[in-house]
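Turn these sequences into a full structure, and let the hints guide you.
Protein chains: 2
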Amino acid sequence: MNSTVLSRRDLDFLLYEWLDVEKLTARERFAEHSRETFDAFLDVSQQIAERDFAPHNRKNDLNEPTFDGTRVEIIPEVAHALRVFAESGLLGATMDAEHGGLQLPHAVQRACFLWFQAANTATSAYAMLTGGNAHLLLAHGTDEQIRRFVHPMLEGRFTGTMCLSEPQAGSSLSDVTTRATRQADGSYRVTGGKMWISGGDHELSENIIHLVLARVAGAPAGVKGLSLFIVPKRDLATGERNGVTLAGLNHKMGYRGTTNAVLAFEDAAAELVGEEGRGLQYMFHMMNEARIGVGSGAVALGYTGYLHALAYARERQQGRPVAAKDPAAPPVPIVDHPDVRRMLLASKSYVEGGLALVLYAANLLDQPSPENDLLLDTLTPIVKAWPSQWCRLADDHAIQIHGGYGYTREYPVEQFYRDNRLNSIHEGTDGIQALDLLGRKVTQGGGAGLALLLDRIRATAQKSELGAPVLAACDRLAATTAKLWAAGDPAKALVNATAYLDAAGHLVIAWMWLEQADAAGDSAGDFYAGKRLAATYFVTHELPRIGPLLDLLDSGDTLLLDLEDAWLG
Amino acid sequence: MNSTVLSRRDLDFLLYEWLDVEKLTARERFAEHSRETFDAFLDVSQQIAERDFAPHNRKNDLNEPTFDGTRVEIIPEVAHALRVFAESGLLGATMDAEHGGLQLPHAVQRACFLWFQAANTATSAYAMLTGGNAHLLLAHGTDEQIRRFVHPMLEGRFTGTMCLSEPQAGSSLSDVTTRATRQADGSYRVTGGKMWISGGDHELSENIIHLVLARVAGAPAGVKGLSLFIVPKRDLATGERNGVTLAGLNHKMGYRGTTNAVLAFEDAAAELVGEEGRGLQYMFHMMNEARIGVGSGAVALGYTGYLHALAYARERQQGRPVAAKDPAAPPVPIVDHPDVRRMLLASKSYVEGGLALVLYAANLLDQPSPENDLLLDTLTPIVKAWPSQWCRLADDHAIQIHGGYGYTREYPVEQFYRDNRLNSIHEGTDGIQALDLLGRKVTQGGGAGLALLLDRIRATAQKSELGAPVLAACDRLAATTAKLWAAGDPAKALVNATAYLDAAGHLVIAWMWLEQADAAGDSAGDFYAGKRLAATYFVTHELPRIGPLLDLLDSGDTLLLDLEDAWLG
Numbered sequence: 001m002n003s004t005v006l007s008r009r010d011l012d013f014l015l016y017e018w019l020d021v022e023k024l025t026a027r028e029r030f031a032e033h034s035r036e037t038f039d040a041f042l043d044v045s046q047q048i049a050e051r052d053f054a055p056h057n058r059k060n061d062l063n064e065p066t067f068d069g070t071r072v073e074i075i076p077e078v079a080h081a082l083r084v085f086a087e088s089g090l091l092g093a094t095m096d097a098e099h100g101g102l103q104l105p106h107a108v109q110r111a112c113f114l115w116f117q118a119a120n121t122a123t124s125a126y127a128m129l130t131g132g133n134a135h136l137l138l139a140h141g142t143d144e145q146i147r148r149f150v151h152p153m154l155e156g157r158f159t160g161t162m163c164l165s166e167p168q169a170g171s172s173l174s175d176v177t178t179r180a181t182r183q184a185d186g187s188y189r190v191t192g193g194k195m196w197i198s199g200g201d202h203e204l205s206e207n208i209i210h211l212v213l214a215r216v217a218g219a220p221a222g223v224k225g226l227s228l229f230i231v232p233k234r235d236l237a238t239g240e241r242n243g244v245t246l247a248g249l250n251h252k253m254g255y256r257g258t259t260n261a262v263l264a265f266e267d268a269a270a271e272l273v274g275e276e277g278r279g280l281q282y283m284f285h286m287m288n289e290a291r292i293g294v295g296s297g298a299v300a301l302g303y304t305g306y307l308h309a310l311a312y313a314r315e316r317q318q319g320r321p322v323a324a325k326d327p328a329a330p331p332v333p334i335v336d337h338p339d340v341r342r343m344l345l346a347s348k349s350y351v352e353g354g355l356a357l358v359l360y361a362a363n364l365l366d367q368p369s370p371e372n373d374l375l376l377d378t379l380t381p382i383v384k385a386w387p388s389q390w391c392r393l394a395d396d397h398a399i400q401i402h403g404g405y406g407y408t409r410e411y412p413v414e415q416f417y418r419d420n421r422l423n424s425i426h427e428g429t430d431g432i433q434a435l436d437l438l439g440r441k442v443t444q445g446g447g448a449g450l451a452l453l454l455d456r457i458r459a460t461a462q463k464s465e466l467g468a469p470v471l472a473a474c475d476r477l478a479a480t481t482a483k484l485w486a487a488g489d490p491a492k493a494l495v496n497a498t499a500y501l502d503a504a505g506h507l508v509i510a511w512m513w514l515e516q517a518d519a520a521g522d523s524a525g526d527f528y529a530g531k532r533l534a535a536t537y538f539v540t541h542e543l544p545r546i547g548p549l550l551d552l553l554d555s556g557d558t559l560l561l562d563l564e565d566a567w568l569g
Numbered sequence: 001m002n003s004t005v006l007s008r009r010d011l012d013f014l015l016y017e018w019l020d021v022e023k024l025t026a027r028e029r030f031a032e033h034s035r036e037t038f039d040a041f042l043d044v045s046q047q048i049a050e051r052d053f054a055p056h057n058r059k060n061d062l063n064e065p066t067f068d069g070t071r072v073e074i075i076p077e078v079a080h081a082l083r084v085f086a087e088s089g090l091l092g093a094t095m096d097a098e099h100g101g102l103q104l105p106h107a108v109q110r111a112c113f114l115w116f117q118a119a120n121t122a123t124s125a126y127a128m129l130t131g132g133n134a135h136l137l138l139a140h141g142t143d144e145q146i147r148r149f150v151h152p153m154l155e156g157r158f159t160g161t162m163c164l165s166e167p168q169a170g171s172s173l174s175d176v177t178t179r180a181t182r183q184a185d186g187s188y189r190v191t192g193g194k195m196w197i198s199g200g201d202h203e204l205s206e207n208i209i210h211l212v213l214a215r216v217a218g219a220p221a222g223v224k225g226l227s228l229f230i231v232p233k234r235d236l237a238t239g240e241r242n243g244v245t246l247a248g249l250n251h252k253m254g255y256r257g258t259t260n261a262v263l264a265f266e267d268a269a270a271e272l273v274g275e276e277g278r279g280l281q282y283m284f285h286m287m288n289e290a291r292i293g294v295g296s297g298a299v300a301l302g303y304t305g306y307l308h309a310l311a312y313a314r315e316r317q318q319g320r321p322v323a324a325k326d327p328a329a330p331p332v333p334i335v336d337h338p339d340v341r342r343m344l345l346a347s348k349s350y351v352e353g354g355l356a357l358v359l360y361a362a363n364l365l366d367q368p369s370p371e372n373d374l375l376l377d378t379l380t381p382i383v384k385a386w387p388s389q390w391c392r393l394a395d396d397h398a399i400q401i402h403g404g405y406g407y408t409r410e411y412p413v414e415q416f417y418r419d420n421r422l423n424s425i426h427e428g429t430d431g432i433q434a435l436d437l438l439g440r441k442v443t444q445g446g447g448a449g450l451a452l453l454l455d456r457i458r459a460t461a462q463k464s465e466l467g468a469p470v471l472a473a474c475d476r477l478a479a480t481t482a483k484l485w486a487a488g489d490p491a492k493a494l495v496n497a498t499a500y501l502d503a504a505g506h507l508v509i510a511w512m513w514l515e516q517a518d519a520a521g522d523s524a525g526d527f528y529a530g531k532r533l534a535a536t537y538f539v540t541h542e543l544p545r546i547g548p549l550l551d552l553l554d555s556g557d558t559l560l561l562d563l564e565d566a567w568l569g
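Going down the list, the sequences are from chains A and B.
Mapped onto the UniProt record's numbering, the consecutive letters of the first sequence carry residue numbers 1 to 569.
Mapped onto the UniProt record's numbering, the consecutive letters of the second sequence carry residue numbers 1 to 569.
The hints are simulated quantities; they were obtained by calculation from the structure and are not laboratory data.
One copy or two, either will do: identical chains are not told apart, so a pair holds if it fits within one copy or between any two.
Straight-line C-alpha distance at most 20 Å; calculated SDA-like pairs for lysine to any residue:
no.: 1; residue 1: K325; residue 2: S174
no.: 2; residue 1: K224; residue 2: D326
no.: 3; residue 1: K59; residue 2: P76
no.: 4; residue 1: K59; residue 2: A79
no.: 5; residue 1: K483; residue 2: D554
no.: 6; residue 1: K492; residue 2: V332
no.: 7; residue 1: K224; residue 2: R278
no.: 8; residue 1: K325; residue 2: A491
no.: 9; residue 1: K325; residue 2: S172
no.: 10; residue 1: K483; residue 2: D557
no.: 11; residue 1: K59; residue 2: N250
no.: 12; residue 1: K23; residue 2: E36
no.: 13; residue 1: K224; residue 2: P330
no.: 14; residue 1: K325; residue 2: P490
no.: 15; residue 1: K224; residue 2: G277
no.: 16; residue 1: K492; residue 2: T443
no.: 17; residue 1: K59; residue 2: T408
no.: 18; residue 1: K59; residue 2: R409
no.: 19; residue 1: K492; residue 2: D551
no.: 20; residue 1: K23; residue 2: A40
no.: 21; residue 1: K224; residue 2: L173
no.: 22; residue 1: K492; residue 2: G439
no.: 23; residue 1: K325; residue 2: A219
no.: 24; residue 1: K483; residue 2: R440
no.: 25; residue 1: K483; residue 2: T443
no.: 26; residue 1: K23; residue 2: F41
Shown next, in the form of structure tokens:
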């Protein structure tokens, strides 16, 4: 029986038949690895995800963490799952061997981690945050900080958070007011309130290492005045509580198993990461990783929703073909009804397209070069936002395919939807990603990032039977981008930025489908036929959506700028 | 301070300035009414909705009905609210005075009831179901049945349900297996299991009157063998329990305050409604009303979501305009950000457009004629499905506009989304509505319904400055419809029926916006400017979505028919 968590067959296709990650083992960094070790980590990931993560996914949802004023209670399955995960070594999957890492390629690590995100997104979040925290410190911390903070994280003893937002400063980090005061001994004290801190407090680990954005006295206004601090929950030497207290837990629509905290820092002992005033720059290192992680999480939730819907549609018998005349004929499986097929095929195109994109992005990380770095930088807002919207739609379709049953909590798909809803919000909303893409990524370096992206897309499209509309879309996107920025007026150029993100996102996924169709070639078998089918679907049913979006952008429409707020009601 | 439940200003505009419902008082049926009585019912609806319904909306969600094996426990606020509602007389708002009704026009009743649906959709559902039940019996029951069942409903003593679905027969009523056996005295006994019965059991009323679809022994297969029965929970004379037991409650993603039951009928005393074999025909009377009610409920939930989002966007300060350079400048209200405005304006266009449509439909009911009946029949699948999709999107936008806060249960918008998610499922899924529209409504009578609809749309568009693209869309929809049916092959004609519903729906709402812009004229003031703005938005940003949909339909694409299920994965 096939897994309803994720498809190993698809991962194998993407990793080995398409991206050919085996060739990475020719690189010194991955020389110890082979197809066998990659497979072993994929196997163990599926095994742990299905055995230790998936079974408590609903229990997580029904039994949120609670706070009695003293400690946070979490169902015991979470600690157990995280312990097994840490023991597998996967937390340091991509890290250097000298720090206890496995030096796995990012593409393989990403594929492994998707199993956990699909099986239990709330429990996997603790691991994802800890990994991101450790990566940041490996890149910007001192050897001493790495030893004291990162190594215990990789051993599963400590967990990590990122503390950016404040109640009045979510998307707008320039308004962060938490302040840090330098002490005579070179250490710091941090005071302020932080909001939306996932994994912000719990008893799952001996210690929680908070990475906190704060403003040193006298620092300039805006993001340039932000510095980054390590603030442990407990003193590493004495185990005594630091000045970090849990002011309360947030209660969400989904993602309920992950504690999400309001934290009060009061004169908390802290140490600086790197240099003062560069906090946001360091944090972006973690945020870019987190954004790809969010996109992956959205793919994972959409993928498992799709697999559940597909299994249900094959099993559930109801209705007859529209042309059938005999009401006494037996009902058919609902997968035979065109509208159910439409939702399934659309979902397949979203989740497999999204999966290809996140693995493609991870594979760029494995082959660093100025060109690949630029391409990844350009793609990041799409990797984050596109799956958050469209793989969420796969979960929405999964509810609809299940009908009334899908709307009940007896079936898992409504939870997938609720969990996935967060992905369009955290780590930068879709609207923020749109501004990042059109306002920064496609303009910087004289438009080099967009030119490179379109070159890559065109190279794929030129050799594809399905390529003509994709080539046309590339030309249109280039022309639209140039036209938007011709006057150099950011307010006007960016007024319909979301339409731009939507159009660019669909073009990128069309590219991912041409790539997959190319890798499938004319190979025999249902799996490859499915890849060709979904590629055809995406190019013929989905890509045309971008026409009206580009028309709107080309028209120079500024309705959203020109209106008066009072007209809204 | 403006209400965040619904906009009385908008209702007044639509009812009085656009539909001119005052002129209905020239009809004999409404002769006792006047603007003053209409206003009085609108006033009292808002008052009761805000005072007795809205305050327990979240409590309803957090405290679902429970069943201890003996009785169903519901928070006491529900019974109180329903009592106040019954006392207002609104349950029989449109019914004949001889039965205790108020003979209000449907358009006014609809506007009144929207207040309750927006304030507390779960509590209002009990009233909606009872009203639908009573309407059916008024149309098809005997005088005796009306006296015994309908009158106590209007007095608030009894409530009603509709029992169609069974575990194996949701969308496909031809598979209903509940059976009825005729007794010597002319009464019947009903045995079988029914599923998804809203209001199916509770202690809110003295008795529950179930309307049950069942098959009399020897009846033909399919829907033609279905008859309709009245099955009271308790014997009217003795008060003893009938053979109807609660087998369990369903637990849903939203709509949690409405009991939703699995009912077991075992040798339950029943009486026939009308004639044997005409059950589905009678039930459609109730279902058409219910479908308009579902569309209205979707509008109501989207509308209140929009009003909450608008209030939040004006209050919440964050970020600066993209062109601003000074990070020390104070933040602006987020309503100033174009992407927030995009979501607000889109939502406004959906919820006010949807509201116009449901009131237009109700107004057709108030002026029965062969033409109006045909138009309403044609519009019904759109009235049901369009708000279920797009006003739900307004709730989705409302979450996004609230950011992280909107995703928490501290704010009401996530509940609006969850509640609204049901509307695309119950009373016929969106996919079923699409088949109804393209397979039945636009083809019957030689296409008279579509021709009439397009005539009405064209008449409006021809006098509008915004009319050109709407006229073009009318021509395209007519041509596409003809092309789809040219070969007379239902399987091929209907394969992309959902795309057809989406296109027709957006065209109809564009029409509703031209109508509103026309009614607003060039009147001064923010309210009218808002109507013109939203009309412009809908025609320029939304209507173009139908281009790719009609292109797909015109292409004769049959991808969804041709695929093999095994290719899906």
